[in-house]
Each structure stands twice: as C-alpha cells, then as structure tokens.
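Q: Residue numbers (my numbering), protein chains in the order written: chain A, 53 to 213; chain B, 3 to 122; chain C, 155 to 459.
Note that these hints are calculated values from the structure, not bench results. Built from N, CA and C at the ideal position, the CB exists for glycine as well. Take these hints with a grain of salt, some might be off.
What the hints assert, rightly or not - Here chain C is said to cover these stretches of chain B; the calculated rule only asks that three of the stretch's residues, wherever they fall, bring their Cβ under 8 Å from a Cβ of chain C:
id, segment
1, 28 to 34
2, 58 to 67
Unchecked claim - Listed below are several chain C residues computed to face chain B (Cβ distance under 10 Å; list not exhaustive):
id, residue
3, Gln352
4, Arg355
5, Glu359
6, Leu361
7, Gly363
8, Val395
9, Glu396
10, Arg399
11, Gly402
12, Lys413
13, Ile414
14, Ala415
15, Gln416
16, Val419
Unchecked claim - Calculated from the model, a selection of chain B residues having no Cβ within reach of chain A, i.e. all distances over 12 Å:
id, residue
17, Val5
18, Gln10
19, Arg72
20, Val87
21, Ala88
22, Ala90
23, Arg119
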Amino acid sequence: MSATVANRTERNLSLATPAAPVRRGDADEGRECVVPIEADTDIVKARKQGRAMGAELGFEAGDLAMIATAISELARNIVLYAGRGEIVVRVLHHQGRQGILLIGRDEGPGIADLSLAMRDGYSTSGGLGLGLPGVRRLMDEFHIESTPGKGTSVTLWKWKR
Amino acid sequence: MEVPILKQGPYLIASIQSALADADLVQFRDALVEKVGRFRSRGVIVDVTVLDVMDSFATRTLRDLSQMIRLRGAETVIVGIQPEVAFAMVQLGLRLEGVGTALDLEEGLAFLNRMTRIGD
Amino acid sequence: MSRGQIAMGEKGVTLQSTLPEGEKEFVLLRELVSHLRGNRTQLREEWARRITQTQLLTAMSQEEIFAEATSVYDNYVEALETGTLEALQAYARNLSERIIPRGVETHEVVGIVLLLRDVLARSLFSKYRSDFALLNRILDAYEPAANRIANTVAVGFVQERERIIREQQEAIRGLSTPVLQVRERLLILPIIGAIDPQRARQLTEQLLGAIRTNRAKVVVIDITGVVAIDTNVANHLVQTVEASRLLGARVIVTGLSPKIAQTLVTIGVDLSKMNTVGDLQGGIEEAERLLSYKVAPGDAPEELT
Numbered sequence: 053m054s055a056t057v058a059n060r061t062e063r064n065l066s067l068a069t070p071a072a073p074v075r076r077g078d079a080d081e082g083r084e085c086v087v088p089i090e091a092d093t094d095i096v097k098a099r100k101q102g103r104a105m106g107a108e109l110g111f112e113a114g115d116l117a118m119i120a121t122a123i124s125e126l127a128r129n130i131v132l133y134a135g136r137g138e139i140v141v142r143v144l145h146h147q148g149r150q151g152i153l154l155i156g157r158d159e160g161p162g163i164a165d166l167s168l169a170m171r172d173g174y175s176t177s178g179g180l181g182l183g184l185p186g187v188r189r190l191m192d193e194f195h196i197e198s199t200p201g202k203g204t205s206v207t208l209w210k211w212k213r
Numbered sequence: 003m004e005v006p007i008l009k010q011g012p013y014l015i016a017s018i019q020s021a022l023a024d025a026d027l028v029q030f031r032d033a034l035v036e037k038v039g040r041f042r043s044r045g046v047i048v049d050v051t052v053l054d055v056m057d058s059f060a061t062r063t064l065r066d067l068s069q070m071i072r073l074r075g076a077e078t079v080i081v082g083i084q085p086e087v088a089f090a091m092v093q094l095g096l097r098l099e100g101v102g103t104a105l106d107l108e109e110g111l112a113f114l115n116r117m118t119r120i121g122d
Numbered sequence: 155m156s157r158g159q160i161a162m163g164e165k166g167v168t169l170q171s172t173l174p175e176g177e178k179e180f181v182l183l184r185e186l187v188s189h190l191r192g193n194r195t196q197l198r199e200e201w202a203r204r205i206t207q208t209q210l211l212t213a214m215s216q217e218e219i220f221a222e223a224t225s226v227y228d229n230y231v232e233a234l235e236t237g238t239l240e241a242l243q244a245y246a247r248n249l250s251e252r253i254i255p256r257g258v259e260t261h262e263v264v265g266i267v268l269l270l271r272d273v274l275a276r277s278l279f280s281k282y283r284s285d286f287a288l289l290n291r292i293l294d295a296y297e298p299a300a301n302r303i304a305n306t307v308a309v310g311f312v313q314e315r316e317r318i319i320r321e322q323q324e325a326i327r328g329l330s331t332p333v334l335q336v337r338e339r340l341l342i343l344p345i346i347g348a349i350d351p352q353r354a355r356q357l358t359e360q361l362l363g364a365i366r367t368n369r370a371k372v373v374v375i376d377i378t379g380v381v382a383i384d385t386n387v388a389n390h391l392v393q394t395v396e397a398s399r400l401l402g403a404r405v406i407v408t409g410l411s412p413k414i415a416q417t418l419v420t421i422g423v424d425l426s427k428m429n430t431v432g433d434l435q436g437g438i439e440e441a442e443r444l445l446s447y448k449v450a451p452g453d454a455p456e457e458l459t
C-alpha cells in the first residue's frame, strides 16, 4: 500500500512544480541508433541508417541528402583522425516539432585549435581539412566539444520544416 | 564491388551501381584509368545517378580521376548528379573543379563530342 | 485508527496529522477528483454557460462548445488524477488542430481554460466553506495543478498555431518563386523583392529541380528586382551557380546593380568567373548564343568555380 502511494504521490507532485525551462537536452527523445565506426565501410552504414531514420520522420529529399552527407563527413573524420568512434542518430520530438539528432564522437587526439577548425574559409575550402564549417552549414544547429588527448564530440540537429 | 565500365567507340562509360566505400572508389578510379590507357579512349563518362551522397572523399577521388585521365589524353565528364546531392555538395563547399559535368548520359556524350573535336 | 489510515467523516476527509505531507496531498487530490467527477454534469454545464456568457468561442455553435467542453473537462480531471500531462498535451494539440481553422484565437483558448479553473475552484469553495483550514489545504493541492494544466493547454495551442503558420509560409514561398521555361533548354529565374535565407534555399531547390526536369543547359537568374543582398544570400547565389553547374547548366546573372556587385566583391566572389550581363534582355541573348554553340573553343573544362 505505501509503495503505491509513494509512486502516485511523486507523480502528483510533478504537477505542482513549476515548468522547468526547457533545455535542448530535455527534448523528448525517441528512437536512437548507434553505429560503431571502425573502417571506411562503416561510413556508408552510418549514412544509410541516418537516411532511413530521417525518411521515417518524413524529411524531404533535400534534407535527407544533407543529413546523409553530414553523417558521411563526421564518420570520415572519425576514421581519419581517431581511427574509431561512433555515430549516434536519434529521433527528436520537441514542442510539437520533429527533428533528428546526430552525434559523431571519438576518443581520438582531439582538436587542438577549435576556432581554427571552425573558421569559415568558404571560398578556399574545396573539401580540405575537417570540413566542419561545411557540416555546420548543412544542419540547423551545431555543437562541438573537443579536448586534445581525450577526444571529440560533434552534435548536429536538423528540424523538419 | 566492381563498377561496370563499358566501351562505346572512343569513349568509356562507367555507371556506378550503388554507394561505394572508400576502398571501392579508389579501386574504381584505378581500374578506369587503366582502361583509358589500354583502349586509348578519348573520353570518359562517369554516371553517378545512383549516388545519394557525394562527400569530400568521393569528390576528391573524382577530381583525381579526372586529372589522371587527362594525363592520358582523355576528358572526363560526370553525369547524373542529383539536385539534392548537388545542393548538399555546395553547402559543404565541395567543388568539382576542372571536371566536366552534364545532366545525363545524353548530355555527357554531347559534351565529350564537343570537347574531343577541339583537337581535330 | 492506525497510522496511515484515513477517517472519512461527513465533511469529507479528515487527515491524521501523522501522515507525511506527500501522502496528504495525494489523498486531497483523490478527494478532489472524486468531487469533480461526481459533479461532472452540473460543473460542465456551468462552465459552458460561462463560456457563452463571456462571449468566447463565438466561431462555434452551442452544441460544438458543449461537446468540446465535455472532452476538455474529462481530460482536465484525468490530468489531475494521474498527475501526468502527456494525454492532455496530445489532446490539446489535437483540439487545436481542429479549432484553429475555425478561427479560434489564443485568447479564447486561454480564456476558457481559466474559466474552467475558476468554475471548479468556486465549487470547492462552496463545498468546503464550513472548514476553512481544509479548504485551504484542498486549494493548496488544486491550484498548482490547475495552473500547470492551463499552461499546458495554452502552450499546446500556441505551438500548433505556429506550426500551421510555418506550413503556410512555406506554401506561399513556393507559389511566389516561379522558374520559367522560355526557350528549349533555357530557364529564367526572376527574383523580386527581399530574399531571406529560407526563401533563397527554396529558390535554389526549385531551380535545380527545374534544371533536371527541363534538361536546361542555360539558366538566367535576373536580380534586377532585388534591392540589396546580405552576405548570406550572396553566398547562396554563388552556391546556386555552382550547384547548377554540377547539373550541367551554365548560369548567367543579370540585373546586377553596382551595390550588389560591391557586396559580391566584398565577400570574395570573383565576378570575372561569374557570367554576368547588364540586363535581362542581354542575358537571354547571351544564353541563346551559348545554346547555339556547336563547337566552343572557350568551353574548356569548366572554369566557372
């Protein structure tokens, strides 16, 4: 009896607390898929997964191409610079909108100079370097964390229009 | 995963059938360059209609391919890049500099015909 | 009576003071919910009456108001009972989707939910008026919960509205950016007015699709009607030119004002590499020239970068 009461009390109390400010991490999260990246063949696997989940959500062809391309670049960076890591694809529902979350993370050498890596040398890029400014252009939101010697994590969001 | 390469007169036509991993792309590049040398082709069409993604590696490989083939006296044209793929490519900042592009096979052949007449 | 048990008296509920706070609150809410369920009919009617009296939901008929009032009431009480808001959120969105096309506005939705909150509160005053302390405790349990519910419904409505507005905007943009096929293999894209990044992107997508559908070999993008562009849109123009080239189409940009030319130069666009012509007519003539070329010595591996 008391166990049941405790459960219900907690749930009732949740109604009484004021709404917490919604942070990105609070977006209701749905299906998630993790693709380990260890070789270049995994790049295609990750792309396919991302495209499939995006298509399920109903993203248009243009957005799907961008999602798949972003995954490809993230995965390729992992293979080239860290040797191994993973790509996470997650479905998002937030305040009535649907979207997709991509994470590319590894425990590689990390990026020494983040601001340099993020500098938008658009007219001179041509696909060189990490291509991070380009990846950012492909998606709606971008977040990167990197610690030299520990690893890198790039998070991207794209919302359905 | 091998990409079929067909000989059509003075040209070679390579149609990519599915998404290629990096190693496959490099293998394809080398096979194509070898065949250009063997058949003394004047032009090469690479059909990428099926590709749903053209990332930095694919772009670089096609550029390299085009340069290597030019060294053997032939011209390359990439055909069939899908609109959404083209859009994603330019967003990423990828360019196929120095490589011919055309809408499809028919346009690609017309392109090569125009190009190869220059030497005549 | 042992600890943890509850005595039910005529006035309703008296609580053992040894019960922990949370449990007391739970008991109160349960009592509250049973009161709301028991008086469902008259409370609902009272609410519907006040909605009409306050002249809300004028876009709907009496029957419709009553029907929706019933659903809202039941969902409201259920949210109070279960302590979870998911079902209510889903219902709020569903309801909003139905009533927004009817012209129901935000203030009306907020208004009716607050009216329900008031009607229920009044009925609690009435029931527990002889026990002020208990009334206070009941209200302590009721008020935060009722406010959360009102918030949820209102926010759900607003989000749904925003979603619909976004959809409409997309549709309008689609209508207002025509790509014209003028001659065979030649497309003209006149751009008029202000371009924001959203519109620029939609323009590019439409153009690329049109290039493929019409097998266009030359595209004339006329920006005579564009007053000014910022760096973002200028970049977008450059991207459009490049993407078109990947589809085998050459782009001619016409109607470049000195001001826009300056912007392009500032962001580092090499105008000598972009095919620009003064006006649309000149652009079309240049396009026809390009199309009629059988052998083009200048047609070396594409230099338009």
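Q: Indicate, hint by hint, whether the structure satisfies it.
A: To see whether the hints hold, each was checked on the structure:
With 0 residues carrying a beta carbon less than 8 Å from a beta carbon of chain C, the segment 28 to 34 of chain B misses the three-residue requirement, and the given coverage is violated. A count of 0 residues in the segment 58 to 67 of chain B with a Cβ less than 8 Å from any Cβ of chain C is obtained; the coverage claim is therefore unmet, three being the minimum. About 14 Å separates the beta-carbon of glutamine 352/C from the nearest beta-carbon of chain B, more than 10 Å, and the hint is not met. The criterion of a C-beta within 10 Å of any C-beta in chain B is met by arginine 355/C, whose closest approach is roughly 8 Å, and the hint holds.
Taking 10 Å as the C-beta contact cut-off toward chain B, the hint placing glutamate 359/C at the interface holds, the least distance being around 7 Å. Annotation: interface hint on leucine 361/C holds; nearest CB of chain B at approximately 9 Å, less than 10 Å. Given the 10 Å rule on beta carbons, the hint for glycine 363/C holds: about 5 Å separates it from the nearest Cβ of chain B. The beta carbon of valine 395/C comes within 9 Å of a beta carbon in chain B, closer than 10 Å, and the hint placing it at the interface holds.
Hint status for glutamate 396/C relative to chain B: holds, with the closest Cβ pair at about 5 Å, below 10 Å. A hinted interface residue such as arginine 399/C counts as satisfied when its beta carbon comes closer than 10 Å to some beta carbon of chain B; here the least separation is about 6 Å, so the hint holds. A hinted interface residue such as glycine 402/C counts as satisfied when its beta carbon comes closer than 10 Å to some beta carbon of chain B; here the least separation is about 4 Å, so the hint holds. Residue-level restraint check for lysine 413/C is violated (minimum Cβ-Cβ distance to chain B is 25 Å; threshold 10 Å).
Look at isoleucine 414/C: its Cβ only gets to about 20 Å from chain B, farther than 10 Å, so that hint breaks. For alanine 415/C, the interface hint is violated, the least distance from its beta-carbon to any beta-carbon of chain B being 21 Å, above 10 Å. Checking glutamine 416/C against chain B by beta carbon gives a least distance of about 23 Å; that is not within 10 Å, so the hint is violated. Because the closest C-beta pair between valine 419/C and chain B is about 20 Å apart, greater than 10 Å, the hint is violated.
No Cβ of chain A approaches the Cβ of valine 5/B within 12 Å, the least distance being about 15 Å, so the stated non-interface status holds. For glutamine 10/B, the shortest C-beta to C-beta distance to chain A comes to about 29 Å, beyond the 12 Å cut-off, and the non-interface label holds. Separation of arginine 72/B from chain A is adequate, the least Cβ-Cβ distance of about 18 Å exceeding the 12 Å criterion. With a cut of 12 Å on Cβ distances, valine 87/B falls inside the contact zone with chain A, its closest approach being about 5 Å.
At the 12 Å boundary, the C-beta of alanine 88/B falls inside the reach of chain A, the nearest C-beta of that chain being 9 Å off. A Cβ of chain A approaches the Cβ of alanine 90/B within 12 Å, the least distance being about 4 Å, so the stated non-interface status is violated. Separation of arginine 119/B from chain A is adequate, the least Cβ-Cβ distance of about 30 Å exceeding the 12 Å criterion.
The structure is inconsistent with the numbered hints 1, 2, 3, 12, 13, 14, 15, 16, 20, 21, 22, although it conforms to all the rest.
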